[in-house]
Structures are given as structure tokens and as C-alpha cells.
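Peer 1: What follows is each chain in one-letter form.
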Amino acid sequence: MEVAEIIETEAGAEAGDTQRMNMIQAINSALDIMMARDDAIVVMGEDVGYFGGVFRATAGLQKKFGKTRVFDTPITECGIIGVAVGMGAYGLRPVPEIQFADYIYPALDQLVSEAARLRYRSDGEFIAPLTVRSPFGGGIFGGQTHSQSPEGIFTHVSGLKTVIPSTPYDAKGLLIAAIEDNDPVIFFEPKRIYNGPFNGHWDRPAENWSKHPAGEVPSGYYRIPLGKANVVREGEAVTILAYGTMVHVCLNVVAEAGVDAEVIDLRTLVPLDIETIEQSVRKTGRCMIVHEATRTSGYGAELAALVQERCFYHLEAPIERVTGFDTPYPHSLEWAYFPGPVRIGMALKKILKD
Amino acid sequence: MVGDRSNLKPLALHVPEPRFRPGDEVDFSAVDIPAAGAAPRPDTHAAPADFTDLSYSMVRVLDDAGQAVGPWNPRLSPDRLRRMLRHMALVRAFDERMFRAQRQGKTSFYMKSLGEEAVAVAAAYALQYDDMCFPSYRQQGLLIARDWSLVDMMNQIYSNRADRLQGKQLPIMYSVREAGFFSISGNLTTQYPQAVGWAMASASKGDTRIAATWCGEGSTAEGDFHSALTFATVYRAPVIFNVVNNQWAISSFSGFAGAEATTFAARAIGYGIAGLRVDGNDALAVYAATAWAAERARTNAGPTLIEHFTYRAEGHSTSDDPSAYRSAGEPNAWPLGDPIRRLKDHLIAIGEWDEERQAAMDREVAEEVKAAQKEAEKNGILGHGLHQPLDSLFDGVFEEMPWHLAEQRQMMIDEEQASGRPWARKG
Ligand SMILES: Cc1ncc(C[n+]2csc(CCOP(=O)(O)OP(=O)(O)O)c2C)c(N)n1
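Sequences listed follow chains A and B, in order.
Numbered by this note's numbering, the letters in the first sequence go through residues 1 to 354 in order.
Numbered by this note's numbering, the letters in the second sequence go through residues 355 to 781 in order.
If you are wondering where the hints come from, they were derived from the structure by calculation, not from laboratory data.
Treat the hints loosely; a few may be bogus.
Stated by the list, open to error - Distance ranges between label pairs, derived from CB positions:
(1) A:Asp38 - B:Met765: 44 to 54 Å
(2) A:Lys349 - B:Ser529: 39 to 49 Å
(3) B:Arg711 - A:Lys64: 37 to 47 Å
(4) A:Ala206 - B:Arg429: 55 to 65 Å
(5) A:Gly66 - B:Ile704: 47 to 57 Å
Unchecked claim - Non-contacting residues of chain B with respect to chain A, defined by C-beta distances greater than 10 Å in every case (computed):
(6) Ala611
(7) Asp674
(8) Trp688
Backbone N, C-alpha and C define an ideal beta-carbon position, used for all residues, glycine too.
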């Protein structure tokens, strides 16, 4: 996998100046750089201040930027987002952290009814330039309350953008773009791949980012625009649409099966890079969608509808969806639930045969 | 526009800061600890407005000499005290062993209640067995004090084949309806309004059972806490709210839940609810306050909020390292001491116990836990194969399985076959 070209490097930044980072360090670096550039940016959330976050994504920031810009909050997600909306109304650019995506639900009203609609209902008098960071996804034996993938809830809301990185390189560039965006962005971080890519084989040794090309991250400022997908593997046989952890699982399945698939990492779910998807499906004639989230009304349903609407006459086989099951995330049967290599491999076989 | 503000000092944002951080010398002398026996005990039908001072002082029974003093002394028999002591020791031994099991890779997660044993155990003694508990994740003491099977609890912790929850829930998130113990949620404070609902239902049906619920001081910030108190006061629900103020919410000290400005018991005052602040490391005070609140609830006098002032002597969970955010000296310097030690000293002071019997009891509970662990591990430990039938994954989403789940279940079985390596199951 090749590192995508650096898009929109700031004038003067040295392109060659890179560092090895895991995804947490890349996120930390994005926050650090942005806080230094813009003193309107504040970081807030449960345990993000002195301690630096339960995953340490905000480590060192309070020491560097002070307690009024990086602070712990009371444990009330509704309060965290509501306060962030108010700070945004004043002119700040809050980057709240929700400790786990599974705990974002108390904040739904503030996100759905308020942040998402503020621009519209005030005709632009007020905006909500928030970037809500939150670790999501399973594969860490976290049980039902540390494993969910609720992105489909947010992509369904008009006025919210949803971004999901799959590498340290992308995480930093996308987070910077999200923070600079004047609309509310839900930034879900796939915690399973914080420390290294995951090939889907849970029973094999864990990898880290030190050997992965996208673990090499520019030290300075760069942004990856929202709404731009990344073709991580070019191919002719089938288009695979994925994001987050599943990008790596898919790449591995494709490699193991020796299939010439085109794998597209969506990076941003809303707004979606439909052009890249259309071009690819027109070329391959087949489309498979992979996500870890539950199936019914998942984001895959939207993707399938879009591809069907736009590429119907190019399709040579029904669109395949590979997803988590429509059950809560189990604890002990985690790997039976997870859409791993076998499930993806079966769907791949099926779509190529049809 | 009124006034010229040009010579005002600029506004400043206050962000709370705990007194001690790693490396700091700990001195808790500024923590106000009222004398044991000093707090008055109002009639259980007194109006909340008549004893608001009890939200700021502290109900304490055991004094420094190990004597039980004052109007809150519940005068329990030595037998009862010894049983309570044993249950608290059993909780500690259980925690110790299960914490170690997680470290040995036998399960994914564990949470201790070290230093907080009295809060759960003494409350269980003051409630009726069929009163309904809506706990947070740190009240394993309720189950243990209700003599629930340790093996059963361990099976859940190991997600093994005897796990009553079929491996579906994170370790320690027990559910034991039979023992009046509501299914624990990982989402903070959701149990608070649920307890009120249960209590309202009990009242509306003319029952005699009451509900009790627990959350940490950090969790009082959640909206659910405030919704619960509003409903409880409006309908005068027979419910006891327990706030376990163990000073820390993961890395956030109680100031981030509002403790710099007032007490957690005082949250009751604005709602017109009875509020008590209690020495949470004093089993007799916890017992007395709970019994008082239970009588109040059971006689239609309404809800009570009890703040248990205590200290989380261990990390938040097996995923936490407290040395990164608080001084290592805090647990030992905690001015209210160790709840087990304090009850033991009391029993010795009244001539009903001695060091030899304590040592024998400690050995006994350690053996009991060890034997339970051995028994539970016969049913498997997490990660060593799949202990539940694969298709049980789909059980319990709904009462009856709709077509789409049946289809997905079939997909999973096909997947297992296609793998050429049927999911390893514990042989
Ligand atoms: C809704 C929700 N938000 C955040 C969390 C993550 N979390 C788990 S425990 C915890 C701290 C709770 O502290 P406290 O209420 O004081 O209870 P304690 O752990 O000290 O017993 C946090 C923030 C969660 N489980 N649920």
C-alpha cells in the first residue's frame, strides 16, 4: 500500500520531515499543531486534561497549552457537546472527546437537534464548528459498551459530517481538515488499529505501525480534504468499499485470495466521494461493501443504494454487503461477530462467481 | 448600555485542580471529618428542609477508639457484626483473586472495590433481601453479602460455559434477578431513573418493597441523575439514592463533579429530598443511614439521597494506572481509614473478636475464594476456545427471532463451515 500523496501541504513546510507515529501519536500531533496555530481551539472531555485521555490521545497538551484550553469535564456527554456548541457560538473551535463512541448517546440531542442544525436555523448567524473525536469499533474484548460502530446514526443526520481514518497518516491529515471545517464533524477513531494495522486474524500476533508506509507521518501541518476517498489498491475484478479497521482486513483478504480487487478507503462518509466510487464500479462491474457496524440501516445500505442508482447498467453481479450482525456486540463471541476474513472471503467468492 | 467596563479585571475561567498530583506529599488535614456520634438522627418522617445540615456534616458511628457512639448507633448484635465483617473480607479476597486472574490473562477486565467494601455490604444488611438493587459496577459487595454464589460470579467474569449471561456481557456486569440485583450497564447512571421507575411501580401496586441505586460521584454529572431525582421527588418514590464519593472518577477528582462548591448529599436539597452525608468507611454508619432511609421509603415518606464519603484505594479498573494522575500516598493517608480494619477494631474493642480469629477468618475467606475459582475454571476461562454455542449469539436480541436475524445466523453457520476450521470449542 502506497502512502497517498500529501495534499495541500502548507507553503514552507518541509515535505521530507516525517516521523514514525502510531494513530494515537498522529492524532496528538494534529491537535498539537492546530492548537499552536489557532488559539480558538480548545480540547475538552472526560480525563483528557492532566491524564491525557484514557487512550492518551491528548497527552501533554494541557501542560503545553494550559488548563483553559485543554481541560477535564464533568461526566456528562450531553453537557460536553452542549457546552461545545455554546463555545462555538462565542467563536471558539472546540474539539471535544467522547471517551468511547458507545457513550455518545446522552449527547444525541445536542448533536442532532442543535449542532447539526444551528447554521440552518439561524441562517448562518451561528455555526457549530466542532470536531467530536471518539474511539469506536470492536476487536478489543470490550463487550457491548466499548465496541460499537454507531456511524450510521450520524450519517443519517443532515448537517453532520462523518470522518473515519484508517492510518496514522490519514488520521492526522483528516483531523486537521476536520478541525478547520466550519461545520460539526464526527471523527470516529478505530481503536482496534490505534497501535497497528489489523489483518483480521485475531489469533495471530498483533502488528504495529512501525513498518507500515502510512505510519510515516509528516511532522508538520498538512491536511487531507474531507470528502476525498483513497484508492488504497487498484484492481479490475471488483470494487471493495470500506473504512477504518476494515480497510486493512479487506486488503489482507484480497492479498490472501489473490484477487485483483480495487479497495477504496472512503475516509469521509459524509460528504462522500461518490465520483471515485462511480469510476471504480464502472470499471470493475462489481461492488462489495464492508463495515463492522450492524447491517440493517447501516451505512452500507446507503452505499448500495447509491451504487445501484448510478452504476446499475455497469453491474455484473448483485452488490454484496459484509457487516457485523444485527445483535449487540457480544463479549466472548466477539470473533464470531466480527466481519473477518472468512465472511469477507465468502462474499468475495460469491460476487466474483455471479 | 449601562456602565463602563473598561476598568474591570478581565474574566477568568476556573478549572478545578486536585490538591495532590504524582510525587506530591499528601496531607489530608484540610478534609473536615466531624466527630463520631455528633450528627443528630431525625425522625424518619421529618421534612427534608428540617435537617439540611445533615447534607454537609457526616453521620459517623465508629470513633477512633473503636467504640460505636451517638444516636446513629444501630446496636447490631456481635453475631451480625462478625458476619458483616466476614462478608467484607470475602469481597476483598474475591477482588484480589479476580484482579490477579485478569493479570494472568484469564479474562479481559476486572474492577475492584478496595476500600469501599462497607458501602455495599452494610447497605445489603440494612435492606430486605427482596428490595431491588440497581447498582453500578462497583457494588459486588451487594451480591456477596446476599450470599450469592462466588462460582456463579466468576463464571460471568470468565465468560465461560456456565456463565448465566452466555458470555454476552463484559466481566463484572452481573445480572442476578433472583438476588434482587438489576443487570449492570456500562453506561453510567442509566440505573438511576430505572430504580425510580421500579420504586414507582412498587408504590402504584401497593407493594412493600423498595428500590435502592448506586452511582459514583463522577456519575452525578450525567443528566440521568437529575432526571431521577426530579421523578423521585415528584412521585415521592420509595427509593434510596446512593452516591459513592470515592474521590476519583478514573483520573478526574471529585471537583470535576462539583465537589469544590458543595457536597453531593446537598444535591438532595434543591429537589426537596432527604439528604445524608455518611462516613462510607464506617460500616455501622452506612448500615444506620440505609436502615433510616429504608424505613422512610417503606412508610411513604419518600426518597433519600445518601453520599458515602470514601476513597477508591485501587485503580479504576484493570485498564487503569492511577500513579499517572494522583499521588501514591493518598490511599494510606486517607483520614477515614480502612473499613474492614475499623469494624474489626470495633469488635475487638467490645471484646467480641481478636487478632487470631481475624487471621483465621482471612485464611478461610481466601480458601473459599480459591476453591470457588478452581470450580469456576472447570467451566473454562475467556479466550480458551468458544464456550457458548456459536448460534447463541443471536439469542435474546428479541423474544422471537425475526427473519433477518435467522438469516444472519445461518450466514454465520455457513461461515464456520467455510472456514474449514470449525470454531474451536472448549473440549
Ligand atoms: C455514559 C458514560 N460515559 C462515560 C463512561 C466512561 N467511564 C466509565 S467509568 C467512568 C468514571 C466514573 O466515575 P464515578 O462515577 O466517580 O465512579 P467510580 O468509578 O469512581 O466508582 C467513566 C468516565 C461510561 N461508562 N458511560
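Peer 1: Hints first: check each against the structure and report whether it holds.
Peer 2: Against the structure, the hints:
{"no.": "1", "hint": "A:Asp38 - B:Met765: 44 to 54 Å", "result": "holds (48 Å)"}
{"no.": "2", "hint": "A:Lys349 - B:Ser529: 39 to 49 Å", "result": "holds (41 Å)"}
{"no.": "3", "hint": "B:Arg711 - A:Lys64: 37 to 47 Å", "result": "violated (56 Å)"}
{"no.": "4", "hint": "A:Ala206 - B:Arg429: 55 to 65 Å", "result": "holds (58 Å)"}
{"no.": "5", "hint": "A:Gly66 - B:Ile704: 47 to 57 Å", "result": "holds (55 Å)"}
{"no.": "6", "hint": "Ala611", "result": "violated (6 Å)"}
{"no.": "7", "hint": "Asp674", "result": "violated (8 Å)"}
{"no.": "8", "hint": "Trp688", "result": "holds (20 Å)"}
Checked against the numbered hints above, the structure breaks hints 3, 6, 7 and satisfies the rest.
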